[in-house]
Amino acid sequence: MPTSPSDLLGDSLFQLNLLLWMLQPPNRSNIRPLLSEAGYKLRSIEETLPLSPALLTRLSNAALTAKEDAAPDAILLNDNAEHLLVECKASMFGPQPSKDGRDGNQRQARSFLLQTPPVLRSALAGSAVKGTHLAYLTRHNDKHDQTQGVRALADELQQAKLPTVECCVWRLLEHEGGIGMVVPKSSEKWPTTVRAACKTRRGSKAIKLIPRDDFGNDIRPLYFIPWMPESEPEHNEYNSRAFGNRILGAAVVRIGRTEVGEDAVLNYEELLDEVTLGVFAKWRNKDAKKSLRERVRKLLADHLVRTGALRYDPDGSGQSIAVKLSEEKIKSGVIKAFRETISMDWDKPDPQGKLFPEDTGKGDAA
Amino acid sequence: MNLASAQSREDVVEVFEGLSQQYEKTDEGLKAIRRPLVKSYMLETVPPQRTRPKLADLFRPTNHRLVALEGDSTMFKVQSNDDQSFVGVVEQLLDRHPVYYTVEKSDRSDRLVTRLVERNAELDHLWISGRVFEQLHQIVLKTTPKHRYGRLVFQYTSLFESEEHFADEAEAVDTEDFGKADEPDFAANGDAFLPERRATKFTMVERLGELEAKLPKLRDIHRPLWAISQLRIPALKRGGHDFFHHGKVTNRSDSFAEHRQRVEYVLGLYSSLTAETESRAWTSVEKITVKTAGKTTPILGAPVVLEFFEPLTQRVYDEFVRQTFRYENNRFRLWGDPISLGPSKCHVYAVDRHIWQPLFLEITTAKITVIVPHGTCGNSVHRLITNVQQYLDPAVKATIGGIDYESIVLDGFKQEGGSANADKPKRPTR
Numbered sequence: 001m002p003t004s005p006s007d008l009l010g011d012s013l014f015q016l017n018l019l020l021w022m023l024q025p026p027n028r029s030n031i032r033p034l035l036s037e038a039g040y041k042l043r044s045i046e047e048t049l050p051l052s053p054a055l056l057t058r059l060s061n062a063a064l065t066a067k068e069d070a071a072p073d074a075i076l077l078n079d080n081a082e083h084l085l086v087e088c089k090a091s092m093f094g095p096q097p098s099k100d101g102r103d104g105n106q107r108q109a110r111s112f113l114l115q116t117p118p119v120l121r122s123a124l125a126g127s128a129v130k131g132t133h134l135a136y137l138t139r140h141n142d143k144h145d146q147t148q149g150v151r152a153l154a155d156e157l158q159q160a161k162l163p164t165v166e167c168c169v170w171r172l173l174e175h176e177g178g179i180g181m182v183v184p185k186s187s188e189k190w191p192t193t194v195r196a197a198c199k200t201r202r203g204s205k206a207i208k209l210i211p212r213d214d215f216g217n218d219i220r221p222l223y224f225i226p227w228m229p230e231s232e233p234e235h236n237e238y239n240s241r242a243f244g245n246r247i248l249g250a251a252v253v254r255i256g257r258t259e260v261g262e263d264a265v266l267n268y269e270e271l272l273d274e275v276t277l278g279v280f281a282k283w284r285n286k287d288a289k290k291s292l293r294e295r296v297r298k299l300l301a302d303h304l305v306r307t308g309a310l311r312y313d314p315d316g317s318g319q320s321i322a323v324k325l326s327e328e329k330i331k332s333g334v335i336k337a338f339r340e341t342i343s344m345d346w347d348k349p350d351p352q353g354k355l356f357p358e359d360t361g362k363g364d365a366a
Numbered sequence: 001m002n003l004a005s006a007q008s009r010e011d012v013v014e015v016f017e018g019l020s021q022q023y024e025k026t027d028e029g030l031k032a033i034r035r036p037l038v039k040s041y042m043l044e045t046v047p048p049q050r051t052r053p054k055l056a057d058l059f060r061p062t063n064h065r066l067v068a069l070e071g072d073s074t075m076f077k078v079q080s081n082d083d084q085s086f087v088g089v090v091e092q093l094l095d096r097h098p099v100y101y102t103v104e105k106s107d108r109s110d111r112l113v114t115r116l117v118e119r120n121a122e123l124d125h126l127w128i129s130g131r132v133f134e135q136l137h138q139i140v141l142k143t144t145p146k147h148r149y150g151r152l153v154f155q156y157t158s159l160f161e162s163e164e165h166f167a168d169e170a171e172a173v174d175t176e177d178f179g180k181a182d183e184p185d186f187a188a189n190g191d192a193f194l195p196e197r198r199a200t201k202f203t204m205v206e207r208l209g210e211l212e213a214k215l216p217k218l219r220d221i222h223r224p225l226w227a228i229s230q231l232r233i234p235a236l237k238r239g240g241h242d243f244f245h246h247g248k249v250t251n252r253s254d255s256f257a258e259h260r261q262r263v264e265y266v267l268g269l270y271s272s273l274t275a276e277t278e279s280r281a282w283t284s285v286e287k288i289t290v291k292t293a294g295k296t297t298p299i300l301g302a303p304v305v306l307e308f309f310e311p312l313t314q315r316v317y318d319e320f321v322r323q324t325f326r327y328e329n330n331r332f333r334l335w336g337d338p339i340s341l342g343p344s345k346c347h348v349y350a351v352d353r354h355i356w357q358p359l360f361l362e363i364t365t366a367k368i369t370v371i372v373p374h375g376t377c378g379n380s381v382h383r384l385i386t387n388v389q390q391y392l393d394p395a396v397k398a399t400i401g402g403i404d405y406e407s408i409v410l411d412g413f414k415q416e417g418g419s420a421n422a423d424k425p426k427r428p429t430r
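Protein chains in written order, with the numbering used here: chain A, 1 to 366; chain B, 1 to 430.
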């Protein structure tokens with residue numbers, strides 16, 4: 001399984017979890033708590049920032065489009081109510097839409113750039129906001145200026161007399177066998193405290209975030225969040241297993257707490273919501289959500305079928321499954337079965353469509 | 001007067017006081033009275049954020065009912081529904097901590113308490129690690145005359161140094177050791193396979209002055225002496241109160257009232273420690289929420305890191321991971337499917353089977369890093385540290401959110417007036 005550090009850099013799920021580790025208070029793990037040292041704490045993940053009608057009107061008058069309800073991957077803040085919006089990207093983008101016309105990155109970026117303190121305060125329902133900054137976390141690419149796209153978008157907004165926030169790009173790279181962050185250039189507009197925390201030895205081009213592992217192990221840390229919407233263009237074995245194990249673990253918690261003689265009800269949406277720390281519920285892609293719920297259903301069904309436990313759809317909606325824990329050995333058998341190593345492809349969309357019908361009746365006899 | 005006829009708390013205390021008397025004066029002097037000892041089992045329920053289960057509901061799965069005492073809402077007699085006998089008394093001594101008192105023989109009472117915990121997801125034993133025992137020992141040294149005798153039991157078994165070849169999983173049974181100090185892990189008959197591995201299990205009874213002088217030096221040369229599993233708090237007169245790492249306490253004094261008082265004291269210290277642990281593990285994320293449909297949900301926990309004094313050998317690492325997550329009744333009572341990240345690292349998104357709560361573990365040969373999700377009881381941390389000390393590394397160093405566990409223990413004890421002057425014991429050096 002070990003993945004090389006360079007392969008992790010463009011994985012936005014890894015990026016987000018690294019960000020969360022950087023926000024931990026100083027501890028004895030290997031990861032540099034850089035953002036904690038800079039005085040930041042995490043306010044929220046995927047918090048929607050609605051644009052006001054006034055702002056939308058001004059954008060429309062300027063013939064510019066922005067995402068009306070963008071949600072940065074993370075919002076950080078310090079004790080002075082200075083907020084930092086952070087968005088993780090596998091790669092940065094230019095100011096123009098892609099060749100196929102997709103402009104999601106540009107519209108999202110405009111929305112973030114517009115989050116000056118008054119705008120952000122309004123979006124956060126009046127929370128105190130003394131300052132705002134925007135940062136993109138991405139894989140370092142020295143072949144081009146990775147800030148060019150977002151700076152051009154900021155210029156465009158400013159020309160339309162729309163104030164914008166300062167923006168910077170945090171670039172991850174393989175560093176001394178581990179993972180580091182490229183030190184900021186003097187011209188780059190980083191938050192002051194983050195820049196101060198990034199002081200390095202003279203001549204060093206990066207600060208170490210995760211040191212090399214001398215034993216050949218994969219250096220990624222435990223994941224706080226095992227899944228984000230559209231977080232990986234390619235299937236990733238670790239992400240898949242971690243996500244699946246978290247789902248099965250959440251199911252086991254429910255089964256373990258259910259008394260023998262009662263039915264344990266496993267609601268797919270609840271499991272997904274719990275495991276993704278609420279992010280799944282906020283996801284707006286209904287078709288993709290449905291597909292993921294279906295895959296969770298199949299994951300649980302594939303494990304339950306090995307037990308012979310009676311199961312049924314408690315309300316006929318196909319949204320959950322109830323397992324009859326009629327005896328202690330049934331209960332312990334289910335818990336044991338959920339421990340079996342899951343298929344690495346469990347979360348891949350079924351290319352042939354819906355091969356497996358939802359459970360609407362009783363399962364196999366015990 | 002016996003438990004069956006006891007109508008009030010005072011009656012119960014009178015019963016236990018009568019049974020507590022260890023000696024009687026005879027013409028030949030003091031003579032020991034042989035009778036069953038009063039045992040107390042300190043238990044723990046859920047954190048304040050969750051609804052505390054009713055005492056009666058806890059005993060129902062073991063087919064016992066509670067009988068109220070006159071004018072008392074926190075102490076109840078426990079009656080078996082099988083034969084109507086009164087087996088003991090339960091008291092909600094502290095908010096989160098019921099205590100079960102009994103004079104039944106240990107093999108019966110241990111079994112009942114084990115079943116109670118197994119059948120209630122919201123109930124757990126107390127888990128007193130060697131680090132906590134060490135602080136209690138320091139308190140004993142400071143508050144008890146040096147000529148008195150102290151009693152310590154050290155227990156460490158390097159469980160994962162040998163491969164355990166079980167014919168089937170049923171053989172890998174977790175034997176909870178409720179004071180059966182001499183009972184081996186496997187049947188000690190000539191036909192059974194007895195694996196060779198490092199193990200320390202002995203009792204030290206010595207004057208407190210001698211213990212204070214010699215134990216630190218002994219620890220420098222034999223690290224398992226950090227793994228205290230039992231400790232006696234001397235009684236005011238003679239004898240004492242023997243505390244076990246599972247939360248059982250045996251009254252070997254002449255007074256039940258004094259015994260209960262000592263139990264309450266230790267429970268108060270432990271409760272403060274648990275609250276302090278949860279506060280530190282959760283504090284860094286108190287203000288961190290994910291807003292979901294109008295509901296704010298705290299999400300993260302600061303990491304708990306257990307660093308081994310020396311790196312585990314590859315064999316011990318491999319066996320620890322294999323045995324812990326292959327066998328259902330493993331020592332650590334953890335459920336999970338390890339994701340290997342290389343020869344000496346794995347991630348386990350696990351579940352604590354004691355209380356059915358999630359725990360996320362990164363295990364390497366150097367350390368175990370644990371993410372304790374908000375809402376997972378701090379007792380889980382104490383249990384993990386206790387088990388790591390007893391079965392993996394007796395000199396393990398624990399930090400919670402970057403704070404030394406020993407400091408947290410000291411802080412927790414200070415809040416209870418426990419050890420304002422207690423010193424941090426000198427850690428072993430590499």
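Everything labelled a hint here was simulated from the structure, so no lab data went into it. Misleading hints may appear alongside valid ones.
Unchecked claim - Computed cross-link-like contacts, SDA-like style, restricted to lysine to any residue with a CA-CA straight-line distance of at most 20 angstroms:
id, chain 1, residue 1, chain 2, residue 2
1, A, K324, B, W356
2, A, K324, B, A121
3, A, K289, A, E259
4, A, K324, B, L236
5, B, K397, B, G342
6, A, K336, B, K397
7, A, K336, B, L236
8, B, K25, B, V321
9, B, K54, A, E259
10, A, K282, A, Q108
11, A, K336, B, R322
12, B, K54, A, T258
To be verified - Listed next, with one range per pair, are the computed distances between beta-carbon atoms:
id, chain 1, residue 1, chain 2, residue 2, range
13, B, A366, A, D263, 39 to 45 angstroms
14, A, A196, B, S73, 55 to 61 angstroms
15, A, T200, B, Q49, 41 to 47 angstroms
16, A, K290, B, Q49, 32 to 38 angstroms
Since the structure is predicted, the reported quantities are computational estimates derived from the model, not experimental observations. For each residue, glycine too, the CB sits at the ideal point set by N, CA and C.
**Prompt:** Among the hints numbered above, which are violated by the structure, and what are their numbers in rising order?
**Reply:** 3, 4, 5, 6, 7 and 8
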